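Each chain, written out:
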Amino acid sequence: MAEVQVLNVAVLDNPSPFGNPFQFEVTFECMEDLPEDLEWKIIYVGSAESEEYDQTLDSVLVGPIPAGRHMFVFQADAPNTGLIPESDAVGVTVVLITCTYRGQEFIRIGYYVNNEYTDTELRENPPLKPDYGQLQRNILASNPRVTRFHINWEGCAEKMEDSENVDPAPNAMLSPSCTPGKAPPLGLVPDNSMNCL
Amino acid sequence: MKLLKPSWVNHNGKPIFSVDIHPDGTKFATGGQGEDSGKVVIWNMAPVLREEDERNENIPKLLCQMDNHLACVNCVRWSNNGLYLASGGDDKLVMVWKRAAFIGPSTVFGSSSKLANVEQWRCVMILRNHTGDVMDVAWSPHDVWLASCSVDNTIVIWNARKFPEIVMTLKGHTGLVKGLTWDPVGKYIASQADDRSLKVWRTMDWQLETNITKPFSECGGTTHVLRLSWSPDGQYLVSAHAMNNSGPTAQIIERDGWKTNMDFVGHRKAVTVVKFNPKIFKKKQKNGSTPKPSCPYCCCAVGSKDRSLSVWLTSLKRPLVVIHDLFDKSIMDITWTLNGLGLLVCSMDGTVAFLDFSQDELGDPLNEEEKNAIHQNIYGKSLAITMESQLSSTIIENPEMLKYQQERQGNQNPNEAQGIGPENQTPKLTNVLNGESLEDIRKNLLKKQVETRTADGRRRITPLCIAQLDTADFLPALFNSVPILPGSSASTQLTPQISSDSSTANSLGLRPSHDPTTTSPNKTSHFPSLSTNTFSFSGLSCSGTIEPMKALDSRFTERSKAMPGVTSVPLTIVVLWFCLRVKDSSSVKEPKGKDETSSDSEDKIMVKSIAKRKGEMEGAEVVEKRKKGRPRKDAKTMPFPQVTFLLSKDAWISKSTDGAFSEGGFTVSTDGVTYLEVENEVSVVSGSRLSQLKWSREGREWDVLLPSRIIIAAGSSNVVAVACEDRTLSVFTACGRRLIPSIILPVPMSALHCSGHFVMALTASAMLSVWDVQKQTALVKNESLNPILSGTDATVSQSFLTQQGVAVVSLSNGKTYCFNSSLETWNLIADKQDSLVQCTDFRNCVSAQDALGSMGPLALTQGRNLSAGRLASRLSSTPHHLQQGMTLAFLEKQLSSALILLSASEYRHWLLIYARFLVNEGEAVREGQCHCSQG
Numbered sequence: 001m002a003e004v005q006v007l008n009v010a011v012l013d014n015p016s017p018f019g020n021p022f023q024f025e026v027t028f029e030c031m032e033d034l035p036e037d038l039e040w041k042i043i044y045v046g047s048a049e050s051e052e053y054d055q056t057l058d059s060v061l062v063g064p065i066p067a068g069r070h071m072f073v074f075q076a077d078a079p080n081t082g083l084i085p086e087s088d089a090v091g092v093t094v095v096l097i098t099c100t101y102r103g104q105e106f107i108r109i110g111y112y113v114n115n116e117y118t119d120t121e122l123r124e125n126p127p128l129k130p131d132y133g134q135l136q137r138n139i140l141a142s143n144p145r146v147t148r149f150h151i152n153w154e155g156c157a158e159k160m161e162d163s164e165n166v167d168p169a170p171n172a173m174l175s176p177s178c179t180p181g182k183a184p185p186l187g188l189v190p191d192n193s194m195n196c197l
Numbered sequence: 001m002k003l004l005k006p007s008w009v010n011h012n013g014k015p016i017f018s019v020d021i022h023p024d025g026t027k028f029a030t031g032g033q034g035e036d037s038g039k040v041v042i043w044n045m046a047p048v049l050r051e052e053d054e055r056n057e058n059i060p061k062l063l064c065q066m067d068n069h070l071a072c073v074n075c076v077r078w079s080n081n082g083l084y085l086a087s088g089g090d091d092k093l094v095m096v097w098k099r100a101a102f103i104g105p106s107t108v109f110g111s112s113s114k115l116a117n118v119e120q121w122r123c124v125m126i127l128r129n130h131t132g133d134v135m136d137v138a139w140s141p142h143d144v145w146l147a148s149c150s151v152d153n154t155i156v157i158w159n160a161r162k163f164p165e166i167v168m169t170l171k172g173h174t175g176l177v178k179g180l181t182w183d184p185v186g187k188y189i190a191s192q193a194d195d196r197s198l199k200v201w202r203t204m205d206w207q208l209e210t211n212i213t214k215p216f217s218e219c220g221g222t223t224h225v226l227r228l229s230w231s232p233d234g235q236y237l238v239s240a241h242a243m244n245n246s247g248p249t250a251q252i253i254e255r256d257g258w259k260t261n262m263d264f265v266g267h268r269k270a271v272t273v274v275k276f277n278p279k280i281f282k283k284k285q286k287n288g289s290t291p292k293p294s295c296p297y298c299c300c301a302v303g304s305k306d307r308s309l310s311v312w313l314t315s316l317k318r319p320l321v322v323i324h325d326l327f328d329k330s331i332m333d334i335t336w337t338l339n340g341l342g343l344l345v346c347s348m349d350g351t352v353a354f355l356d357f358s359q360d361e362l363g364d365p366l367n368e369e370e371k372n373a374i375h376q377n378i379y380g381k382s383l384a385i386t387m388e389s390q391l392s393s394t395i396i397e398n399p400e401m402l403k404y405q406q407e408r409q410g411n412q413n414p415n416e417a418q419g420i421g422p423e424n425q426t427p428k429l430t431n432v433l434n435g436e437s438l439e440d441i442r443k444n445l446l447k448k449q450v451e452t453r454t455a456d457g458r459r460r461i462t463p464l465c466i467a468q469l470d471t472a473d474f475l476p477a478l479f480n481s482v483p484i485l486p487g488s489s490a491s492t493q494l495t496p497q498i499s500s501d502s503s504t505a506n507s508l509g510l511r512p513s514h515d516p517t518t519t520s521p522n523k524t525s526h527f528p529s530l531s532t533n534t535f536s537f538s539g540l541s542c543s544g545t546i547e548p549m550k551a552l553d554s555r556f557t558e559r560s561k562a563m564p565g566v567t568s569v570p571l572t573i574v575v576l577w578f579c580l581r582v583k584d585s586s587s588v589k590e591p592k593g594k595d596e597t598s599s600d601s602e603d604k605i606m607v608k609s610i611a612k613r614k615g616e617m618e619g620a621e622v623v624e625k626r627k628k629g630r631p632r633k634d635a636k637t638m639p640f641p642q643v644t645f646l647l648s649k650d651a652w653i654s655k656s657t658d659g660a661f662s663e664g665g666f667t668v669s670t671d672g673v674t675y676l677e678v679e680n681e682v683s684v685v686s687g688s689r690l691s692q693l694k695w696s697r698e699g700r701e702w703d704v705l706l707p708s709r710i711i712i713a714a715g716s717s718n719v720v721a722v723a724c725e726d727r728t729l730s731v732f733t734a735c736g737r738r739l740i741p742s743i744i745l746p747v748p749m750s751a752l753h754c755s756g757h758f759v760m761a762l763t764a765s766a767m768l769s770v771w772d773v774q775k776q777t778a779l780v781k782n783e784s785l786n787p788i789l790s791g792t793d794a795t796v797s798q799s800f801l802t803q804q805g806v807a808v809v810s811l812s813n814g815k816t817y818c819f820n821s822s823l824e825t826w827n828l829i830a831d832k833q834d835s836l837v838q839c840t841d842f843r844n845c846v847s848a849q850d851a852l853g854s855m856g857p858l859a860l861t862q863g864r865n866l867s868a869g870r871l872a873s874r875l876s877s878t879p880h881h882l883q884q885g886m887t888l889a890f891l892e893k894q895l896s897s898a899l900i901l902l903s904a905s906e907y908r909h910w911l912l913i914y915a916r917f918l919v920n921e922g923e924a925v926r927e928g929q930c931h932c933s934q935g
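Same order as they appear, the protein sequences are chains A and B. Using the UniProt record's numbering, you'd call the opening residue of the first sequence number 1 and step up by one each time. Using the UniProt record's numbering, you'd call the opening residue of the second sequence number 1 and step up by one each time.
This is chain B alone, in the form it adopts within the complex (with noise of 0.2 Å):
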């Protein structure tokens, strides 16, 4: 064991109260007390690791600190997929924080400290509901829930994927609530409060579980904070100070029947800290010793207020270290190395301890998939064990991810070690600003900016904005660890869920299973492939037709240039589908139904189709391992509270199709989950090749054959249509049966959306067809796209069938057009490049309220966050009647866009608004429209 104390890691003399090391390793954070505020500050964890990182001074020690609590901060959090920090304080607030990528370094305004912030870290979001000190905070597994408790007594549980959104608020301690825990199974929360009572809570109901009181008998509330921990494999929970025999002890629980029949002792004072290692151990084997099976352990680490540090290994009776001294104050917090070999203390006296262990030490972590094991040896085949076989994946994935897509953004360093100089980022401000550098603005601001006297003339000036804010950063339903990909059909709407989905979908279906031999390099370089490497388009017969097919996904060109010359290449297809389950059966409170368009119980999913083409052999050799390994119902993995569905991949020599594409449907009601599978080549009876689809609903399933591989499946409550290679398309009801005999579309389809009774097909010859097959009538009859399309180069990048049975097209210039049946014409419904849009200002008219109602296919089109008045602010040099007009005539613009998408909430939510700003700009309007009625 090496034992380090970083002298620079210090907030000025001034305590620390928490340290949290980043799941991926580079850097931690601490949060503690500042000069006149709460402090937090991201370290760079290199320094720590490495005597010659933290002598070259090119390497930054300090990444960012962020003085933005008003008081001392008590705890600091990294979700589990890296992508935020919350931070919790005596201010009473939770802050969660996210790397902003656009900004450059900066200095904290007014700060002593003349470093410069190499990452920024912005805080986007203020959680404030507690009405006393914020003491501890918790991310529950996959980052669904944040918890916080507080000396108020209570404990929060926000919803992570929709801030501020509190899911429930528990109540019944009785004293200051002092450390969380969250079940690694997600089953339960545990806290520990001065009432001397430790409390299990279930996350089914967020009921009281049980409430453990007697080795708390004798405790003074003496200690700042509680901080327990629960074990990785979820058997035990051991808690901050209890009390044994009148010497302070850290109790152990059991998570079978809650028992407390044994503790840590030793120590002199108080526990206030106890930290499980994430990883569960086995013996090292030694050379030449038979292996003998030996139980797998924990490893755990304990502070105290005795300022010792005690580290313990569950198969051993004593503890394996014990350091006295390490610190003048009391031990803090704990927090380990992911890979379960370091340990990082703090304390209140300011200093922060790395202690770094070897595996001769510890012993072998176990892998996940021995981890897995266990899991499924003590949680048997519930729900509990597939999200923990999700929970460990999401672990080891989700920083790779995170790394991922910041490689992708590329605004990223792809080495925090080596810093970002200020000149790396500095000319992305100017950027913003049309060219113009932030130099030549600066001069000339004064004279520039723009100053109006208001009606009782004040002086007003209009800020220059000279960075825009990455608005869906905001979106507290956005709130999830992965982007939205393009070409997401149909379901805007529902991307929060869909999108942090994805990111487990994703991992799952690349990730090369559990093996051993394909380690994380391996991995990562993978990802890049997953959004780029999607489908072609080309080939089949009818190359004159495809054109315009080509233009229907831009991503779909990638590939056909990465082609020429292989096409006897393999390809190997693996095809994610993921669906999400509305509501956890029983009573899970899933911030869905705000969300939906109207009170339907139907939605539409989105569906990803990956393909990889075996470039290189490891690709390949991964994706068959796992194509002969993993049986099936191993893929059927399910997070929490979202099902994903891995299946149907299969590889098949490419002559005539460069690629397949495949999609999916599935639909959702609000009391289950419905799941449509496709399986091509499911046996091949005399030189014909059968493909299957199959639908299961709660329980209840069917499944049809079909005599062509299957390209598209899609489905509603009501229908489910199949699109097959060979140019078919079938039509099912709900119950399997066949509503009408296979329709012969004159190409291959390309795009197939259900709703309700309606099917809508867009075939590669850009070709619409809607059909009601309830009635068994056409609404929309091979109506060509080529409208919308000649004269750009424009794509399709998103289509979709409302509710009501309109198809609607986005391009991937931005406009979004929808057919409409009874004029026989193609609207345009939205547009992104309106200067309409982005010079309407109209937010004087919109109240909180109105948020909710506008959701919609229309506001599907225009984005959630309607980008309107974006240019607002620089245009006030415009007059404003000019203003005035432009956003009358935006917002009727909408009214018709909703009127003919026949949606009603949304015609409901414009018209709203129409009248509000009548009426706010009474005068004016009324003038105009005179003018207008005189001409």
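Isolated chain A, as found in the complex (with noise of 0.2 Å):
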């Protein structure tokens, strides 16, 4: 049994300039030693209409890795501008950081990333060819969206039928109810007691 759980993941040198690295700073809980390494992945998504365009920043890997509370800071590069379409360079998109453990991955937290020029002059009229020198990219850190995957901990990634998201809302109780109407109601049937001890 192990378990990594994310306590908080700090968003540093924010907002900076587009060609200014990522920096991260995850603090994280382990309950046990774990016997491999963290792997860790930046993936900045460059257009929100094709996964084509998502750019993996870096990936690490973290350890060793005792029982307690760690933390470190994950620094990547900015995005290959070049592999941004041009549209999508100014607006909002996401960047996400990913965690697997034995090739699955366990958690997934995902930011709003706002990239804008900061000249006003450049917002209002902003260029064809989007000039990433001006632009600033802004996270908003304080709104991260987590998702945790249930994963084999002990063993390698063989067979995790439910590696998605379990789907919430178990309505199996909604079924109609039984027999009702024919019981009496409470308080009016006599012989119901129990026998005193």
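Treat the hints loosely; a few may be bogus.
With a Cα cut of at most 20 Å, we get these calculated SDA-like pairs of lysine to any residue [unchecked claim]:
#1 Lys98/B with Cys30/A
#2 Lys14/B with Thr147/A
#3 Lys447/B with Asn14/A
#4 Lys443/B with Ser16/A
FYI, nobody ran anything at the bench for these hints, they're computed from the structure. Computed from a prediction, not measured in an experiment: that's the story for all the values here.
Could you use the hints to bring the two separately framed chains together as a complex?
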């Protein structure tokens, strides 16, 4: 049994110029010594339209991890502007931090990122070709979207049938009630007592 | 009756499936649906109970919320001792939670709620085995087992002392199992399922006792849960949804013959939950009327899909109260407060209701003594009865024990209601970091953190450890209620069972019997003295040589400080002996075997001695009452499956001796229990006082009289040794024959151990002797502890004798020595501060199976979980070959230590690791060795 719980992710150097590296300070807690490293990735979503523009900015191994609370700063270079569709450079996009253990992703943290020109002139009349030097990246640090996945911590990623979130709302109990109406109301039936001790 | 719906108890409108009040009554847990996961929330009880607390913004309402369950939580249940919370959910998991004291308030990362958690509850165990949603969980009496049932049609019995071990999977239901309840006597567990049956299983062999189907034949599988309940007297089991004449009922099943003649009728829809009040009541005596002896009765709450709640007294033919339209949807769970007067109900509609009864309405709750008397009448003098009385004390005492522990740990705000400010706790984190504040660290983290490249060129960051978890928390074997008291001689190996025992035993010993006048504030005030006020070892004639003795145990110093000028204060000594049963004679699987050092059938048992100074008058009264009022056989209360033994309490005027140290030993063989019992001053014959030593095992027993007060007794399966105040040591065979005439010791005895045919004696002048009484030779002759004690102010914290007759002495500075009789030297076998230990990194070479093979005297001295590698991660900056060297040196040390202790299994264990390490680190090591040979 082992489990890693992400306690906090602080976004450092934010807002910052577009070309600055991303810096996330991750605090996590591990319940048992982990025999293998965790793999962390930062993925920059180049375009909301297609995953094809997703860039993995970097991936690092983190270890060794004895039981306890740990922190580290994950720094990764800014996205390769050449891979971002020009129409999507300015505006809102997403950066994802994922963590996998033994090849299984168990947490995905998403942040909205707003890229905009600081210069009012540019903001009003954005150039056709984005001027990345003038862009400011603002990560919406206060509102992370966290998705946790159920993984097999002991073994490898052989078969985890439910690696996606389990459907919440169990509606099984909303079935029709049983034989209503026939029983007399409470308190009107005389012989229903338990003998005393 | 007062009714309250605290609107602040909610899961943001999502259904609440389960509710349970903590045994100490200060908080309660709810379980249900969270935003996109299951949710467990712990709430403060005070704002529910008192309006002013509800309005007071300084009193937190929500204490902690946990989103770890991946899907809806169907059941939350506190352990009887209040230390753990178990939750089961649709994610097929059972999680066990424990409060983490060291972590400050925090929010759940990523959750929309910005409320900080006031208490930190951490999942310490995830139990995976079910292949379907877990519907109900239940702790057995004494928290020996945890049962969980699931839609996979099975019930799993987990060993709660050794999670995640499975004791048994109960198969037999052919439908979704939706409710569980333990017999309060501990003999049965009952389950109810959608297969229209209620099954009662024996805990003795986990076989089916009875299968009840008739009342359920008309039932459809329409309820989410079927939470059944057993009455506190054990006589009745009440089912959830049953049918009688096509009307929904709660079926009453009598323990006697499992008869099903009665039921609770009246709900319009299926009964989802039944919950008995933990108290047994008797009629409230009215003023003036002659007290008529009335039958005691039970009280039961029934919740239904018809959204109404009914509360029944078994003495009335009609319900005491029925509340309709309390909720918008089906009732899902009910929980009573421990005093039996409060009731929390939760519903699918996501709300919770609190009912507050008065004693006029329910009656006078019986106190524990009366309850025990009832049990005694019903169950006779069987094991069940002793368990039962134990059970009651467990319920009453353990929350207090828990509180006491928390106070002792000193990081606990005694009043939960006042909450714990963030400021109070955050400094603790910084302590871990050598005085550097967390802020400082964060500023420089990026620069400071160690980043390396792996062989394939990938970045690898070594995270900064900002707080180490107490690994003891994670040892499933330590899953029990009481911290290991220091100085527990030679018993680390058995600590799991013993320390859990000590809670019951402590409560037994210090509990002012069942005297109503001594109420809980009194009791709790005694607990602190329990651990701090132990034995002084001063006095006697040889004050010159006594100095090293003071060093023998730091605990001993405590009393001498407290004693100046009060030598005439009478002392009361309460000696608690405990013994544990390895196996319940028939078939209870006690998970012991793996822990044993080797194949030997013999174990050492810790014995605790507790002295209480008659400081305050109340305390004195309490103990004296016990002395007089409690017949001896009552003292032999047996919890289940262990056995607690209480004996030999006596008071005497302390003149020359300020205290006495009594110790005893028990041997336990796999098929029986051996008791060793000491009674000082059993009779006075012509001015001389006689002491008695009793030995019993499986009905065979012998006793022997000794002319002097017995200070220490110890035994093994072969011999029994007794040290007396007149500085004699007597050795008997296990059959009671005196082996050798009394050995005269130069000074009084401090510690005595037996193992096989070996007897080890540690005297007050810090001299060690070990004899082989079979061969009648001395292995160690009056060897002084000075070599290991000189130059330090350390004291002896533990001593024991291995199976092979090697004497081991641990000091309070973390060092452990053994005496090698052939070399006639003291050898350092373990050092907790050893930097080598902390810097080694051989985790890659340890496989899961190895952990089992590592048990033995060496592991005992080094602690069950070796702190090896603790600092390894932080030292990654040290050159690899250095760490390698340290690891190698450490492993070699372990090897030689195991060898000198003659511990075969440990030698093998470390040899394997050593070999693996050499193979893993192959080249570099070989190079290193080449260098060595060249040099």
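We went through each hint and held it up to the structure:
Of the pairs offered as hints, the one joining Lys98/B and Cys30/A holds, with about 15 Å between alpha carbons and a cut-off of 20 Å not exceeded. Simply put, Lys14/B and Thr147/A have alpha-carbon atoms about 19 Å apart, close enough for the 20 Å limit, and the pair holds. Taking the CA atoms of Lys447/B and Asn14/A, the gap is about 18 Å. The hint holds against a cut of 20 Å. Distance restraint check for Lys443/B and Ser16/A: the Cα-Cα separation of roughly 17 Å lies within the 20 Å cut-off, and the hinted pair is therefore satisfied.
Of the numbered hints stated above, none is contradicted by the structure.
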